[in-house]
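Here is how the chains run, residue by residue.
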Amino acid sequence: MGATGPSADVPLVLKGSDGRRRVITAADDLAVHIGARVGMPVAQAESLFADLVIMDSDPAADALALEKLAIWALRHYSPMVAADPPAGIVLDILGAAHLYGGETGLVDDVVRRLSEMQITAYAALADTWGAAHALARFGGQAKRIVIPGGAGEALVHLPVDALRLPEDMLPDMRLLGLDTIGELAAKPRAPLARSFGQKLFRRVDQALGRLAEPIEPVQSPELISIQRIFAEPIGAPETIAKYTRRLVGQICDRLEEAGLGVRRLDLHFTRVDNRIETIFVATAKPVREPKRLTKLLCDKIETVDPGWGIDKMVMTAAFVEHLSMQQVIASYSEPARPDVEELWDALANRYGTDSLYRAVSVATDIPERAVKRMPPTSDDVGSTRNAAFRRPQRMIRPPESIMALAVLPDHPPRAFTWRGQRYAVARADGPERVRGEWWVSDNEKGKVRDYFVLEVENGERFWVFRGGDGQHEETGSLNWFMHGKFD
Amino acid sequence: MPAADAVISELKARIEVISGRTVRTRMVLPFGIPEIDRKLRKGGLAFGALHEIAGGANGAVDGAAAASFAAGIAARTGGNVLWCHCQPDLFAPALAQSGLTADKVVFFEAADETAILDAFEKALRHGGLTAVVGEVSGLPLVASQRLQMAAEKSGTMALAIRRWRRHVDARDFGNSTASFTRWRVTPVNSGALPVRGVGRSRWFMEQMRTRGGEDFECEVEACDGKGFIAVPSLLADGPAETEDGRYRAVG
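Sequence order for the protein chains is A and B.
For the first sequence, my numbering gives the first residue as 55, with consecutive numbering after it.
For the second sequence, my numbering gives the first residue as 84, with consecutive numbering after it.
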């Protein structure tokens with residue numbers, strides 16, 4: 055409610071009408087704690103709880119806000135997002151999770167961003183809309199990810215309320231002793247279907263993935279969107295590519311009028327059997343070149359299953375940013391090279407943004423932490439703290455224990471055994487002392503590693519270290535480790 | 084300074100670009116060592132071609148020297164470089180010491196070799212890069228032909244680092260591919276220093292096959308900070324170098 059709402063430390067409920075009388079339609083944590091609950095008549099609540107703040111509910115504004123939230127999710131996460139009233143949104147994250155480092159990363163990101171907007175969110179990820187809906191509301195966990203095929207097991211102990219059934223059906227089910235989804239699913243279907251109708255088992259089947267349930271993505275007038283309906287369904291990849299090219303051309307014209315460039319472009323294909331197939335491409339910087347966007351989209355057409363044919367294509371610029379006109383530099387001296395960002399986008403869309411990185415040096419002495427991964431468009435040049443020290447081309451992670459003979463405290467080994475092979479050391483450099491970073495981890499406090507560059511008799515060069523300074527036991531174990539291989 | 088000629092030719096090229104007099108597309112990348120460049124077709128490593136690099140002895144498995152050699156070449160091509168790998172043991176700060184600094188190279192970590200070959204080819208075809216490096220163990224003839232054609236079309240240099248999980252698999256390096264040149268670098272003992280310590284790395288470098296050139300082998304010093312390899316001084320105990328006191332100061 056923002057600044058106009060009552061303060062957070064008083065119990066708050068919203069009132070509305072259920073047709074006959076005025077009842078509570080929503081209650082906050084504090085109000086639930088003192089005993090108010092949804093469905094309680096307002097008169098009763100007023101008499102029971104003296105300091106209860108009661109405000110009018112506004113279902114129309116709630117629905118509008120939910121729609122807005124769905125569009126926010128559409129822009130950020132996935133092309134297939136719909137509002138799931140009264141208080142939820144549903145996302146189809148097929149092909150979208152890898153952009154956030156996998157499913158866990160995506161769920162964490164959703165919950166974190168919503169909490170930054172002061173929204174307490176429960177998230178669940180499952181095979182079906184029904185299962186995710188049930189687990190988010192009745193699972194009792196803030197974040198829940200169900201492994202593929204595990205929906206049935208996860209739902210067994212949840213109450214039947216979780217199945218999105220009509221309100222009036224629930225008391226009757228209780229009366230029959232059907233409390234959990236597991237009990238319901240185990241019952242013979244025919245008698246129950248006769249008294250409750252087909253809807254009951256349709257919901258069960260949808261939750262368990264036996265029946266498909268398409269998500270109709272949210273539409274918004276503020277999103278630039280172009281659609282094309284085909285009189286005769288299309289299906290051949292070349293035909294899809296042709297119309298993709300035309301739609302991209304049209305959408306780029308619209309973007310140019312608005313002075314925008316696209317960061318994510320979605321393309322929905324509505325099949326004749328009413329299923330929606332979706333592909334999308336994301337770019338690191340706003341783009342408005344038809345050729346480049348067409349190429350990115352056409353790379354993904356092979357993942358679209360046209361089924362019996364596609365009768366509608368909708369292209370939406372889901373996430374746009376300001377992009378002004380650019381002067382193309384004309385040079386006579388050297389032919390222009392194509393823009394590499396185009397290549398980064400193509401690879402990131404195919405293999406995930408995580409797979410492409412710049413390796414930037416970090417100002418630390420601990421070799422395991424010496425490199426951080428930055429996106430390819432980053433111009434961070436990193437630290438030059440250890441640039442002058444010799445570093446191995448291949449690092450062995452984690453370091454492998456070796457048997458070594460050396461004179462304490464600071465002589466390099468004379469010989470060592472690694473992976474069952476014995477090496478006699480011909481030349482050595484070191485020690486290079488590295489101290490543990492106590493501000494990163496308590497375990498590293500006071501710890502020391504002494505690194506040596508060793509050249510063995512056949513010419514191979516290794517990077518080894520000894521834990522501890524060789525004099526004080528508390529600085530390390532005095533064991534030797536192999537940590538890298540030089541050129 | 085053995086690399087002096089190459090430095091001078093590079094400076095000349097830069098002057099030409101600044102003055103805008105010539106439109107020149109470079110066809111080859113010289114090593115700056117006449118003994119080696121003479122034996123390569125047109126006096127250098129061809130742009131727009133596939134070159135294979137493998138390590139010898141244990142280097143066939145760890146690929147450390149091969150990575151360093153490839154990094155030096157890629158750094159000297161002067162533009163953006165893509166480095167595709169699937170084993171996680173690459174240590175980027177060491178590549179920077181061969182001249183391939185963080186601002187020049189983008190890494191692509193693939194799940195498997197199929198993805199590497201696909202990205203390798205896409206990157207070559209794109210043409211915005213000057214070199215693409217791919218670490219692969221198997222390189223079938225057809226895959227190498229595709230890479231070679233993609234490189235030819237865009238003029239981007241393709242460097243395939245061959246590295247295998249086991250020594251026996253390294254025999255694969257004898258099978259024919261469409262590559263222009265095929266190199267094997269094996270680490271050997273570094274030259275003696277007047278003080279204790281390990282000197283600049285040295286390799287026994289074999290040119291095992293080249294189109295339109297002759298095979299040869301020689302001993303070289305590993306890449307310096309700009310990516311140039313060098314021919315070690317014949318005077319192994321190094322009086323020629325120590326006279327100016329450089330090594331004494333460093334050691």
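Mixed in with the good hints, there may be bad ones.
Negatives, chain B to chain A, calculated, CB over 12 Å [what the hints assert, rightly or not]:
#, residue
1, Ser92
2, Leu94
3, Ile119
4, Gly127
5, Phe152
6, Asp186
7, Val189
8, Arg254
9, Gly257
10, Met291
11, Arg294
12, Cys301
Taking lysine-lysine and the BS3-like style, the derived pairs with C-alpha atoms no more than 25 Å apart in a straight line are [claimed, not checked]:
#, chain 1, residue 1, chain 2, residue 2
13, B, Lys205, A, Lys349
14, A, Lys296, B, Lys205
15, B, Lys125, A, Lys345
16, B, Lys205, A, Lys354
Just so you know, the hints here were simulated from the structure itself, not pulled from any lab data.
Even glycine gets a Cβ: it sits at the ideal position worked out from N, Cα and C.
Quick rundown of the hints versus the structure:
No Cβ of chain A approaches the Cβ of B:Ser92 within 12 Å, the least distance being about 17 Å, so the stated non-interface status holds. No Cβ of chain A comes within 12 Å of the Cβ of B:Leu94; the nearest lies about 17 Å off, and the non-interface call holds. Under the 12 Å C-beta cut-off, the non-interface status given to B:Ile119 relative to chain A holds; the minimum distance is some 18 Å. No beta-carbon of chain A comes within 12 Å of the beta-carbon of B:Gly127; the shortest separation is about 19 Å.
The claim that B:Phe152 is not at the interface with chain A is violated, since a C-beta of that chain comes within 12 Å of its own (minimum 7 Å). Not every Cβ of chain A is farther than 12 Å from the Cβ of B:Asp186; the closest lies at roughly 6 Å, contradicting the non-interface assignment. Chain A draws B:Val189 into its interface by the beta-carbon criterion, the shortest separation being 4 Å against a cut-off of 12 Å. With a cut of 12 Å on Cβ distances, B:Arg254 stays outside the contact zone with chain A, its closest approach being about 20 Å.
A cut-off of 12 Å between C-beta atoms confirms that B:Gly257 is not in contact with chain A; the least separation is 23 Å. Remark: the non-interface label on B:Met291 is consistent with the geometry, its nearest Cβ contact in chain A lying 19 Å away (cut-off 12 Å). Here B:Arg294 stays apart from chain A, with its beta-carbon at least about 26 Å from theirs, past the 12 Å limit. A cut-off of 12 Å between C-beta atoms confirms that B:Cys301 is not in contact with chain A; the least separation is 15 Å.
Restraint check for B:Lys205 and A:Lys349: satisfied, since their Cα atoms lie roughly 12 Å apart, inside the 25 Å limit. The straight-line distance between the Cα atoms of A:Lys296 and B:Lys205 is roughly 22 Å, inside the 25 Å bound, and the hint therefore holds. For a cut-off of 25 Å, the pair hint linking B:Lys125 to A:Lys345 is broken: about 37 Å separates their Cα positions. Pair hint B:Lys205 plus A:Lys354 holds up; C-alpha atoms about 15 Å apart against a cutoff of 25 Å.
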